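*Asks:* Place chains B and C on chain A using the hints.
As a plain string of letters, each chain reads:
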Amino acid sequence: MNHAPRNLFCSSVGKKYLMAGTGAAMVLFVIGHMAGNLQMFLGPEAINRYGHFLQSNVELLWPVRLSLLAIISVHIWSAAKLTQENRAARPSAYEQWQPTAASYASRTMLMSGIIVGIFIVYHLLHYTVMVKAVNFAGTDFHSLTDPEHRHDIYRMVVIGFQQPLVSLFYIVGVGLLCLHLSHGMSAMFQSLGWKNRACGPCLDRAARWGAVVIFLGYVSIPISILLRLIQ
Amino acid sequence: MNLTLKVWRQKDARSQGRLETYQAANVLADMSFLEMLDVVNEELIAKGGEPIAFDSDCREGICGTCSMMINGIAHGGLRGTTVCQLHMRHFHDGDTIVIEPWRARAFPVIKDLVTDRGAFDRIIQAGGFVSVNTGGTPDANALPVGKTEADRAMDAAACIGCGACVAACKNASAMLFVSAKVSHLASLPQGRAERERRVLNMVRVMDESGFGNCTVTGSCEAVCPKEISLDFIAQMNREYGQAILKNSGPRQSKGGD
Amino acid sequence: MKLDAKIPSGPLAQKWDRHRFEMKLINPANKRKFDVIVVGTGLAGASAAATLAELGYNVKAFCYQDSPRRAHSIAAQGGINAAKNYQNDGDSIYRLFYDTIKGGDFRAREANVYRLAQVSVNIIDQCVAQGVPFAREYGGLLANRSFGGAQVSRTFYARGQTGQQLLLGAYQALCRQIGLGTVKMFPRAEMLDLVLVNGHAKGIVARDLVTGEISAHAADAVVLATGGYGNVFYLSTNAKGCNVTATWRAYKRGAAFANPCYTQIHPTCIPVSGDHQSKLTLMSESLRNDGRVWVPKKKADNRPPGQIPEEDRDYYLERKYPSFGNLAPRDISSRAAKEVCDEGRGVGPGGRGVYLDFADAIGRIGEGAVRERYGNLFDMYEKITGENAYQRPMRIYPAVHYTMGGLWVDYNMMSTVPGLFVLGEANFSDHGANRLGASALMQGLADGYFVLPYTIGHYFASEKQPKARPDQPEFKKVIAEMETLTKKLLAVNGRRTVNSFHKELGGWLWEKCGMARNESGLKELLQKIPALREEFWKNVKVSGENGELNQNLEHAGRVADFLEFAELLVLDALERRESCGGHFRTEFQTEDGEAKRDDEHFAYVAAWEYAGAGRPPVLNKEPLDYEEVHMSTRSYK
Numbered sequence: 001m002n003h004a005p006r007n008l009f010c011s012s013v014g015k016k017y018l019m020a021g022t023g024a025a026m027v028l029f030v031i032g033h034m035a036g037n038l039q040m041f042l043g044p045e046a047i048n049r050y051g052h053f054l055q056s057n058v059e060l061l062w063p064v065r066l067s068l069l070a071i072i073s074v075h076i077w078s079a080a081k082l083t084q085e086n087r088a089a090r091p092s093a094y095e096q097w098q099p100t101a102a103s104y105a106s107r108t109m110l111m112s113g114i115i116v117g118i119f120i121v122y123h124l125l126h127y128t129v130m131v132k133a134v135n136f137a138g139t140d141f142h143s144l145t146d147p148e149h150r151h152d153i154y155r156m157v158v159i160g161f162q163q164p165l166v167s168l169f170y171i172v173g174v175g176l177l178c179l180h181l182s183h184g185m186s187a188m189f190q191s192l193g194w195k196n197r198a199c200g201p202c203l204d205r206a207a208r209w210g211a212v213v214i215f216l217g218y219v220s221i222p223i224s225i226l227l228r229l230i231q
Numbered sequence: 001m002n003l004t005l006k007v008w009r010q011k012d013a014r015s016q017g018r019l020e021t022y023q024a025a026n027v028l029a030d031m032s033f034l035e036m037l038d039v040v041n042e043e044l045i046a047k048g049g050e051p052i053a054f055d056s057d058c059r060e061g062i063c064g065t066c067s068m069m070i071n072g073i074a075h076g077g078l079r080g081t082t083v084c085q086l087h088m089r090h091f092h093d094g095d096t097i098v099i100e101p102w103r104a105r106a107f108p109v110i111k112d113l114v115t116d117r118g119a120f121d122r123i124i125q126a127g128g129f130v131s132v133n134t135g136g137t138p139d140a141n142a143l144p145v146g147k148t149e150a151d152r153a154m155d156a157a158a159c160i161g162c163g164a165c166v167a168a169c170k171n172a173s174a175m176l177f178v179s180a181k182v183s184h185l186a187s188l189p190q191g192r193a194e195r196e197r198r199v200l201n202m203v204r205v206m207d208e209s210g211f212g213n214c215t216v217t218g219s220c221e222a223v224c225p226k227e228i229s230l231d232f233i234a235q236m237n238r239e240y241g242q243a244i245l246k247n248s249g250p251r252q253s254k255g256g257d
Numbered sequence: 001m002k003l004d005a006k007i008p009s010g011p012l013a014q015k016w017d018r019h020r021f022e023m024k025l026i027n028p029a030n031k032r033k034f035d036v037i038v039v040g041t042g043l044a045g046a047s048a049a050a051t052l053a054e055l056g057y058n059v060k061a062f063c064y065q066d067s068p069r070r071a072h073s074i075a076a077q078g079g080i081n082a083a084k085n086y087q088n089d090g091d092s093i094y095r096l097f098y099d100t101i102k103g104g105d106f107r108a109r110e111a112n113v114y115r116l117a118q119v120s121v122n123i124i125d126q127c128v129a130q131g132v133p134f135a136r137e138y139g140g141l142l143a144n145r146s147f148g149g150a151q152v153s154r155t156f157y158a159r160g161q162t163g164q165q166l167l168l169g170a171y172q173a174l175c176r177q178i179g180l181g182t183v184k185m186f187p188r189a190e191m192l193d194l195v196l197v198n199g200h201a202k203g204i205v206a207r208d209l210v211t212g213e214i215s216a217h218a219a220d221a222v223v224l225a226t227g228g229y230g231n232v233f234y235l236s237t238n239a240k241g242c243n244v245t246a247t248w249r250a251y252k253r254g255a256a257f258a259n260p261c262y263t264q265i266h267p268t269c270i271p272v273s274g275d276h277q278s279k280l281t282l283m284s285e286s287l288r289n290d291g292r293v294w295v296p297k298k299k300a301d302n303r304p305p306g307q308i309p310e311e312d313r314d315y316y317l318e319r320k321y322p323s324f325g326n327l328a329p330r331d332i333s334s335r336a337a338k339e340v341c342d343e344g345r346g347v348g349p350g351g352r353g354v355y356l357d358f359a360d361a362i363g364r365i366g367e368g369a370v371r372e373r374y375g376n377l378f379d380m381y382e383k384i385t386g387e388n389a390y391q392r393p394m395r396i397y398p399a400v401h402y403t404m405g406g407l408w409v410d411y412n413m414m415s416t417v418p419g420l421f422v423l424g425e426a427n428f429s430d431h432g433a434n435r436l437g438a439s440a441l442m443q444g445l446a447d448g449y450f451v452l453p454y455t456i457g458h459y460f461a462s463e464k465q466p467k468a469r470p471d472q473p474e475f476k477k478v479i480a481e482m483e484t485l486t487k488k489l490l491a492v493n494g495r496r497t498v499n500s501f502h503k504e505l506g507g508w509l510w511e512k513c514g515m516a517r518n519e520s521g522l523k524e525l526l527q528k529i530p531a532l533r534e535e536f537w538k539n540v541k542v543s544g545e546n547g548e549l550n551q552n553l554e555h556a557g558r559v560a561d562f563l564e565f566a567e568l569l570v571l572d573a574l575e576r577r578e579s580c581g582g583h584f585r586t587e588f589q590t591e592d593g594e595a596k597r598d599d600e601h602f603a604y605v606a607a608w609e610y611a612g613a614g615r616p617p618v619l620n621k622e623p624l625d626y627e628e629v630h631m632s633t634r635s636y637k
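Residue numbers (the working numbering), protein chains in the order written: chain A, 1 to 231; chain B, 1 to 257; chain C, 1 to 637.
Next up, chain A with everything else stripped away, as it sits in the complex:
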């Protein structure tokens, strides 16, 4: 007798594996991306060279981009499926309801996830696709080149973040991402079954502090630009 489900990822536990696995992959990306971004503090040369390195290695760039797209699609797909099932699991709502013990982050994973998704779309249009209409600076980011004829990422970012509303949206977006991660980075260990009483509290703390570090790492750039520490 084979007791395994016909499709692992149709089961509730299986879908949570998917959420956790794809979430973990994206956490790694978020950390790598942050490390890349922080080169802004090393000046135009460093960041522009880094950007040129990435963009000139098409064989590397596109597989990574497509993988990320696939991962995020799976993450969204399982989130949608899970949400649908969760909604169906309680067809009539309570007249009165008090969340017990559940952290704000854990209760708002869906909303924070959706807003982060919208933010990512904007972020890609802003700095990757470089749609002029969405940068509110009136500058065509395509036209920015540095003395070595590389794309001048440094100036693009500085110009981009000098728009206070853009920076604000960025800070809010990253903030929500980190709220999402503060729960997600420990919950993924739970979903994968890699948590227990001994390491559980440590993981929870690590996730919260990790989220704070990521938040600070990302928002340090727009804030430094707004404060003219980077120009």
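Note that these hints are calculated values from the structure, not bench results.
Every value quoted in this text rests on a predicted model; they were computed, and no experiment measured them.
Be aware that one or more of the hints could be misleading.
[Unchecked claim] Straight-line alpha carbon distances no greater than 30 Å define the calculated DSSO-like cross-link-like pairs of lysine-lysine that follow: (1) B:11 x C:487; (2) C:252 x C:2; (3) C:541 x B:47; (4) C:541 x B:11; (5) B:11 x C:6; (6) C:621 x C:24; (7) B:47 x C:528; (8) C:299 x C:24.
[What the hints assert, rightly or not] Which chain C residues stay away from chain B? Per the calculated CB distances, all over 12 Å, these: (9) 32; (10) 53; (11) 173; (12) 379; (13) 518; (14) 610.
Quick reminder that beta carbons are idealized off the backbone N, C-alpha and C, glycines included.
*Replies:* Frame of chain A, contents of chains B and C only:
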């Protein structure tokens, strides 16, 4: 003390329900919550009304029968306590108390505050046991079980199957209940022989019953009258993964064996 | 009525073995041709249903709860006895047997008790194999403790949840069979009556508690495992739903009811706090291992316990029973508590309570160690009373806890109605006049796992009865009777609630037929109970209707039966003109207030036979012949 109660009244599974308001006068601090409802019911019957239907049996916090949301919290919010052990000294004169049944697709309302938790039984029927017949078992001390393992099994086995975990979960997930049984039996050598089959079958029936999924919010653990740990959910997730990896047995039994 | 206990011949220790050999067997392939109805899914019912299904019988199981896991066996905290002698402290099957007979004040059937002690060892093996998480030592072997009146450590336990864990073991075994389709489970279904065909028990009529539908279920044998009748006292440690209906209806269909006056009062319960009290909560007797029981020496001493100096305290159990002290058996310590309260020295609201003081234990082993041992009980006490027992002594008072009486059964667990088997607390067989601590779980599981599965096969093999069908006239007649009864209850539409009748009946019984009884009080009850019953049928108010979940109607049916049963209980108490175990007649006591048995005249089982409505029941006596032990006076001094 005098209290205002807003109680969910629903004639049967098919009818629409609504909150009705009742006054509970002269409630004493030493009454249990259910005794307070008994008094309200006695008055309702005397006046020719229909008493509020609610489940209760042992009234000492162990049978798992009593089940109600009090002010939006399963079992009323006193840590490690079922409704029957919640006493009125935790309320104040003039309070308004909202009382609702467990709400989940898998727990349909039968009447008022009474729900059908048969889904829990069906999950256990799918695999929450050790397949031994009566008789022919080895001496109880033949197989030593370390105290740590035995204690962990007991921690999980303490679940009384009341369903508060489902009621409190924003997703109406039964993961805490299912994982408690999976972990209890997987922690003991007697239960290990069929650990893979058990977790796969129990999770399958859990999913089929229409429970939601775990978002690891921890609400279940917080309202659990036996304080079953969220840890067991992680253990079940681990068991499930191992079972998937190991489940390479024959696809069909050959018969004649 | 002829009472044939069918005790096998031969030496005591070989009776069960010999009987097992002599009993007829059913061919494995034929077992599936037999249907068995099991009513009740506590330890006895669930274990029987599961085991019968494993053997190949078709089983239908019924319980009034929403799940078989909720039967009141779960509430047992302390543990389960077994003669394993794992502690090497001199225990043996014989010792467990002797302790049980002696604890039962020599009013139990010797052969049954010996068999119980024999199979006790198998129970532990079975439960461990099922995954029951018994407490263990660091070496990995099972832990034991001594419990309520035993001088050896033979009690196995699973934290404070032994009953729950054992029931879950049986429930899981039952669930496995339900999953395999060999047991059909009917939760939220209450047995209303027994159906006899040609003098044999052939089925039941049950009410679906959700839809109100009253339907018939036919089988080749009926097993009642419906627990005790403690709720006749209204306040008891039983679950709210526990009732006498199944056994009482069986009695009215011809099953003899044995020793109804044997009711056990448990000494360590939380006292009543007021008129609203709906049930009483027991705290494990193990508390008496470390707690000291006392009351003030002076009457109506209202000082807080901490301000009462040592010399003003009366540690009455230690004083009266120096060798057992605070561990004196249940009936003795209960009565002693009543005595001091009757003297006006009781503590707490209404003066019905005594102190159980842990100050010495905390001083000796520390609060941490006390918390380790009894933490959950202290927490429970605080939840209910709002008092911290680490700081001030607990208040305890006796409460009705267990009923030793029940339907009369022979050695095969069969009642005087052929084909009707009765297990666990619902029968009378093993505890005599008083049950020892941690023996109820043992008996329920012994009956269900290891006795009935053999004896029921013997019945099937010896009695070739035609198959019954639920559309037979016998079933239709009982259905019609039950429908009429239900309509009648709903039609009275009087002015008193069901609960008020139950409370009044219970209060009277507790006063006059509780821990101490006397002729005048019992005779008074025999006058008052029929009058109350008459009033019930004229003036009860049952709300709602039949075709729905109607808890008030359920309660009304149960109280109607309690009102009839109470009279039999009192009559039995009146007829038994001696004191023994849980039955204490104030007229029959020694000079220092101990129970005085009368072995010459009362060494028998009183099996009451229903003689029809309005006629006094007939008393049949099964003499208790002791081949192995000598009756001695129980002394715990």
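*Asks:* The structure should be examined with respect to each hint, and the outcome stated for every one.
*Replies:* A quick look at each hint next to the structure:
Between residue 11 of chain B and residue 487 of chain C the CA atoms are separated by roughly 20 Å; this keeps the pair inside 30 Å, and the hint holds. Between residue 252 of chain C and residue 2 of chain C, the direct Cα distance comes to roughly 17 Å. Compliance with the 30 Å bound is thereby established for this hinted pair. In summary, the hint linking residue 541 of chain C to residue 47 of chain B is supported, as the alpha carbons are separated by about 10 Å, within the 30 Å threshold. Restraint check for residue 541 of chain C and residue 11 of chain B: the C-alpha separation of about 20 Å stays at or below 30 Å, so the hint holds.
Our distance criterion of 30 Å between C-alpha atoms is broken by residue 11 of chain B and residue 6 of chain C, whose separation comes to about 52 Å. Taking the CA atoms of residue 621 of chain C and residue 24 of chain C, the gap is about 29 Å. The hint holds against a cut of 30 Å. Between residue 47 of chain B and residue 528 of chain C the CA atoms are separated by roughly 28 Å; this keeps the pair inside 30 Å, and the hint holds. The hinted pair formed by residue 299 of chain C and residue 24 of chain C fails the criterion: a straight-line CA distance of about 64 Å is larger than 30 Å.
Consistency note on residue 32 of chain C: stated as away from chain B, and its beta-carbon is indeed over 12 Å from all of that chain's, at 16 Å minimum. Residue placement check: residue 53 of chain C does not keep its beta carbon more than 12 Å from all beta carbons of chain B (closest about 10 Å). The claim that residue 173 of chain C is not at the interface with chain B is violated, since a C-beta of that chain comes within 12 Å of its own (minimum 6 Å). The claim that residue 379 of chain C is not at the interface with chain B is violated, since a C-beta of that chain comes within 12 Å of its own (minimum 8 Å).
At roughly 32 Å, the least C-beta separation between residue 518 of chain C and chain B is larger than 12 Å, which holds for a residue marked as non-interface. Every C-beta of chain B lies more than 12 Å from that of residue 610 of chain C, the closest at about 29 Å, which supports listing it as non-interface.
The structure does not agree with the numbered hints 5, 8, 10, 11 and 12 stated previously, though it agrees with the rest.
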